[in-house]
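Colleague: Sequence:
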Amino acid sequence: MALHRTVALYLLIFLTAWTGCAEDPTTVGLGVLPSGDLPIFFVDTLEAQAGATSRAIPVTARADDDVVPWYPQHLFVGGVQTLVAGSFIRFQQFPDTLTGITIEAADLLLVRTVATGDTTISPVFTMHQPLRPWYSDSLSYDSLRLQPGVYFDPVPLPPGLGTGSVDTVSRSVAIPLDTALVRRWFTTVVDTGTTNLGVFLRGSANGLIQGYGSFIHLGSGAKPRLRVRYNKNGVTSTTVFSAGTARYLADLPSADLVLDPSKIYVQSGVAYRGLVTFNLSGLPRPVSVSNAVLEVTLDSLASNIYAPPDSLLAFFVDRDGSILKGSAVACDLLRLNGRPVYWFRLPAFAQQWMASGTPATVALAGYTENASFNRFVLFGPGASTGVRPRLIVTYSKAIATYGGRR
1 MALHRTVALY
11 LLIFLTAWTG
21 CAEDPTTVGL
31 GVLPSGDLPI
41 FFVDTLEAQA
51 GATSRAIPVT
61 ARADDDVVPW
71 YPQHLFVGGV
81 QTLVAGSFIR
91 FQQFPDTLTG
101 ITIEAADLLL
111 VRTVATGDTT
121 ISPVFTMHQP
131 LRPWYSDSLS
141 YDSLRLQPGV
151 YFDPVPLPPG
161 LGTGSVDTVS
171 RSVAIPLDTA
181 LVRRWFTTVV
191 DTGTTNLGVF
201 LRGSANGLIQ
211 GYGSFIHLGS
221 GAKPRLRVRY
231 NKNGVTSTTV
241 FSAGTARYLA
251 DLPSADLVLD
261 PSKIYVQSGV
271 AYRGLVTFNL
281 SGLPRPVSVS
291 NAVLEVTLDS
301 LASNIYAPPD
311 SLLAFFVDRD
321 GSILKGSAVA
331 CDLLRLNGRP
341 VYWFRLPAFA
351 QQWMASGTPA
361 TVALAGYTEN
371 ASFNRFVLFG
381 PGASTGVRPR
391 LIVTYSKAIA
401 TYGGRR
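Every letter in the sequence shown is one number past the one before it in the numbering used here, and letter 170, counting from 1, is 170.
A few of these clues could be false.
Beta-carbon label-pair distances, calculated as ranges [claimed, not checked]:
1) Pro261 / Pro39: 22 to 30 Å
2) Pro359 / Pro176: 20 to 28 Å
3) Arg285 / Pro154: 56 to 64 Å
4) Lys397 / Thr358: 19 to 27 Å
5) Leu336 / Gln81: 29 to 37 Å
6) Asp96 / Asp260: 55 to 63 Å
These aren't lab readings, by the way, just hints derived from the structure by calculation. Small disclaimer: the values here were computed from a predicted structure and weren't measured. Note that beta-carbon positions come from the ideal geometry of N, C-alpha and C, so glycine has one too.
Please put together the full structure from these sequences, using the hints given.
Modeller: Right, here's the structure in full:
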């Protein structure tokens with residue numbers, strides 16, 4: 001018990017001292033250290049040694065701790081040039097009372113949320129029968145190019161190519177479904193030999209990628225719904241289902257993204273991330289880093305940022321090239337010399353680089369990497385002076401003395 005009281009006393013002293021650190025500064029303690037023992041601060045500005053664009057492969061069925069959780073709130077369908085997206089949707093939790101009914105019509109109801117491209121048109125897509133379970137698989141974004149004949153039947157389901165009817169007031173889209181397909185979904189409740197794999201909406205590149213609310217969309221009114229009109233015992237009724245799972249896939253060939261080797265590209269939605277590397281060999285060791293600021297400049301004319309926030313995340317890159325989980329640092333958006341500049345405060349990154357010798361590489365990802373197709377085009381090391389990425393490091397070489405010993 002005495003030990004517990006002692007620990008509690010030390011904890012109280014620590015908390016009191018820690019709380020006191022939050023108060024306004026005073027002159028107490030001024031001059032305790034001789035002037036020769038005060039650290040001398042140095043500031044070095046380094047330009048990036050290398051820049052690159054790298055494709056990440058986040059798994060779309062679960063959360064990815066690297067960035068914001070990879071449970072997308074939007075389901076994307078359509079295409080802009082060579083950027084194409086499609087979505088899997090599967091409804092579930094059907095009651096057994098619907099087996100054996102006559103389905104007269106069925107619609108997939110989706111609510112439009114975000115879009116990129118020509119918003120005056122509607123996305124064009126075909127509907128396909130999935131061939132294997134996708135909702136529990138490690139399907140990733142680059143899997144879309146491997147889909148036909150593997151994850152879905154390349155032959156479209158009826159009613160064929162379409163866009164669905166749009167309610168301009170509610171922003172909802174009613175997409176006709178094959179009634180035979182929906183009947184099989186209902187049959188799975190009582191027949192274990194039948195599977196419910198849902199449906200895949202395969203987008204076509206007609207100039208628009210439309211985003212629809214997913215089952216985890218923050219707005220409950222934006223979630224997908226299945227509306228079925230059926231006849232049972234001579235009585236026609238309509239029922240709506242809203243429980244299910246879904247995921248979107250998107251693909252963009254890297255050759256169609258990286259168009260200028262002097263630029264660094266960050267593409268959300270398909271998970272392309274920018275890499276910036278600095279050479280710290282000119283800095284002395286050991287040092288104590290008090291601050292490190294990364295500045296990267298945006299090429300506004302080449303970028304396409306349509307969905308807020310206009311923001312990036314910086315991540316620590318480990319020796320093996322992987323992103324260190326939990327290292328995300330958000331940026332401030334400034335304007336320097338008339339250009340947008342993303343400003344990151346990374347003292348912990350720099351201290352780790354200096355202490356361990358880990359290569360000084362930062363990975364940059366879109367803040368809405370799983371919720372938009374924002375494209376950030378950043379000036380790289382090969383750009384003109386004044387817009388190249390730079391790292392401003394503030395550090396001290398002095399080691400304070402205590403009791404005459406170092």
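Colleague: Quick check: which numbered hints come out false for this structure?
Modeller: As far as the earlier hints go, 1, 2 are violated by this structure, in ascending order.
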